[in-house]
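S.K.: full-length UniProt numbering numbers the first residue of the sequence shown as 1 and each following residue consecutively.
Errors might be hidden in some of the hints.
Derived SDA-like pairs (lysine to any residue); straight-line CA-CA distance at most 25 angstroms [stated by the list, open to error]:
1. K265 / K313
2. K272 / T259
3. K313 / I238
4. K90 / Y276
Each pair of labels, with its calculated beta carbon distance range [as the list claims (entries may be wrong)]:
5. T254 / D85: 26 to 34 angstroms
6. G270 / S80: 37 to 45 angstroms
7. K127 / E99: 34 to 42 angstroms
8. A317 / N249: 34 to 42 angstroms
9. Y151 / T254: 34 to 42 angstroms
10. A317 / E99: 33 to 41 angstroms
11. R107 / A317: 39 to 47 angstroms
12. S86 / K272: 20 to 28 angstroms
13. H77 / A130: 39 to 47 angstroms
The hints are simulated quantities; they were obtained by calculation from the structure and are not laboratory data.
Where a beta carbon is used, it is the ideal one built from N, C-alpha and C, also for glycine.
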Amino acid sequence: MNFEQPQKSESENASQESVEEPNAQNVEIERKIENLFGKSLKCFKRWGTLGIAVGAFLVAGKFERQLGREDKEWREHVSSTLDTDSQRKKGMYESQIREFFGEEALREIEDGDKSAYFEKKNKQQHKPPALEGFLEHGTTNEHVYLFDEKYGFYPRGWVNGEVEDVEYVDDIGGKLKAGSRKGGEFRRKGILGSKIFLYRTTPKAGDGGNEHFVSNEAVFHELGHANDWESDQDLNIIERQDLLLKVLNRMNETDAYDTNDHYHKSYLDGTKRGSYRAVKEYWADICAEYFCNPEGFQKSHPKDFELVDAQAKKNDATFNVLDFENRGAFDPHTGELKEKWR
Numbered sequence: 001m002n003f004e005q006p007q008k009s010e011s012e013n014a015s016q017e018s019v020e021e022p023n024a025q026n027v028e029i030e031r032k033i034e035n036l037f038g039k040s041l042k043c044f045k046r047w048g049t050l051g052i053a054v055g056a057f058l059v060a061g062k063f064e065r066q067l068g069r070e071d072k073e074w075r076e077h078v079s080s081t082l083d084t085d086s087q088r089k090k091g092m093y094e095s096q097i098r099e100f101f102g103e104e105a106l107r108e109i110e111d112g113d114k115s116a117y118f119e120k121k122n123k124q125q126h127k128p129p130a131l132e133g134f135l136e137h138g139t140t141n142e143h144v145y146l147f148d149e150k151y152g153f154y155p156r157g158w159v160n161g162e163v164e165d166v167e168y169v170d171d172i173g174g175k176l177k178a179g180s181r182k183g184g185e186f187r188r189k190g191i192l193g194s195k196i197f198l199y200r201t202t203p204k205a206g207d208g209g210n211e212h213f214v215s216n217e218a219v220f221h222e223l224g225h226a227n228d229w230e231s232d233q234d235l236n237i238i239e240r241q242d243l244l245l246k247v248l249n250r251m252n253e254t255d256a257y258d259t260n261d262h263y264h265k266s267y268l269d270g271t272k273r274g275s276y277r278a279v280k281e282y283w284a285d286i287c288a289e290y291f292c293n294p295e296g297f298q299k300s301h302p303k304d305f306e307l308v309d310a311q312a313k314k315n316d317a318t319f320n321v322l323d324f325e326n327r328g329a330f331d332p333h334t335g336e337l338k339e340k341w342r
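When you get a sec, could you build the whole thing from the sequences and use the hints?
M.R.: Next comes the structure, spelled out in structure tokens:
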């Protein structure tokens, strides 16, 4: 049976056309919101719902004033805590970072320090992260041991307070091919809390079997991002800048570490932004190797090992990544859960 659609009046057609045309005002509103929210807005778009831009803009003015007050308070705090020599060092570091990476990198480091300052001011508790999706996708409870500092797998302060949530995602909507290098992502603190996404990936062809797995290397890599110069909640502004420049210098040395697929080098596109992303991935890669293969890494790349080890011991001076007997629930040589934890 055919149903005839009712005819629209000219006024209704005109109204519909006006809605369908690109709305320059809405575009400008979203641009302003993106300037306010930065990376966190992109996280909203990817992992949550942005909502109606116009509605959000109604509170944007108030939010912008709040950000301005917080920025002023944070800058006064930094200025009051740095002596003359530290102020000089900060200026020198900023000049180098601006030269190598541009203004955006400076802003992101400042945003990280600002976040840490207000978290400490508000005395937020450092709790173990919430876990989502592991049991639903057939992963055993053993993975809980990877994310609880009381089992000693990580130095204190590398998980609690740095990562609020860990979610096991089923193959990121089918976008990952078998054997994909991309095993996870880290979302830094912003409007949404800090979170690690781990992707349920499939072994490479020829590896045998169809079993899905969580890559420990991906876990360690993303924790490296959670403890870099942008995201670490326990560093001051100079320590953040210093760590970035140290990792850059190390990456540029002839004996620098490299993965089999030259992952961090894939970001080197001749731009300052590309260089910054490459350094971030280099840091995450050497963190992964430090936890995955500490013995071999110490022998093959002692400079990289020491760079990560120094950061690990900032909050946990007694941490020993080579203490396999007492550190962690997994045997580092076999990857199996230790008998005492079964």
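S.K.: Next step is simple, just say for each hint if it's right about the structure.
M.R.: Here's how the hints hold up against the structure:
1. Taken as a hint, the K265 and K313 pair is broken in the structure, with Cα atoms around 28 angstroms apart against an allowance of 25 angstroms.
2. At roughly 22 angstroms between alpha-carbon atoms, K272 and T259 fall within 25 angstroms of each other, so this suggested pair holds.
3. At most 25 angstroms may separate the alpha-carbon atoms for a hinted pair to count; K313 and I238 meet this at roughly 17 angstroms.
4. With a C-alpha separation of about 19 angstroms, the suggested pairing of K90 with Y276 holds against the 25 angstroms cut-off.
5. Range check, T254 to D85: Cβ separation about 33 angstroms, and the 26 to 34 angstroms hint holds.
6. Range check, G270 to S80: about 40 angstroms between beta-carbon atoms, so the 37 to 45 angstroms window is met.
7. Range check, K127 to E99: Cβ separation about 39 angstroms, and the 34 to 42 angstroms hint holds.
8. A hinted range of 34 to 42 angstroms is violated for the C-beta pair A317 and N249, which are about 25 angstroms apart.
9. Range check, Y151 to T254: about 38 angstroms between beta-carbon atoms, so the 34 to 42 angstroms window is met.
10. The hinted range of 33 to 41 angstroms is satisfied by A317 and E99, whose Cβ atoms lie roughly 34 angstroms apart.
11. Checked against the hint of 39 to 47 angstroms, the C-beta distance between R107 and A317 comes to roughly 32 angstroms, which is inconsistent with it.
12. Between S86 and K272 the Cβ separation comes to about 26 angstroms, which falls inside the hinted range of 20 to 28 angstroms.
13. Checking the proposed 39 to 47 angstroms range against H77 and A130 shows it is violated: the Cβ atoms sit about 30 angstroms from each other.
The structure does not agree with the numbered hints 1, 8, 11 and 13 stated previously, though it agrees with the rest.
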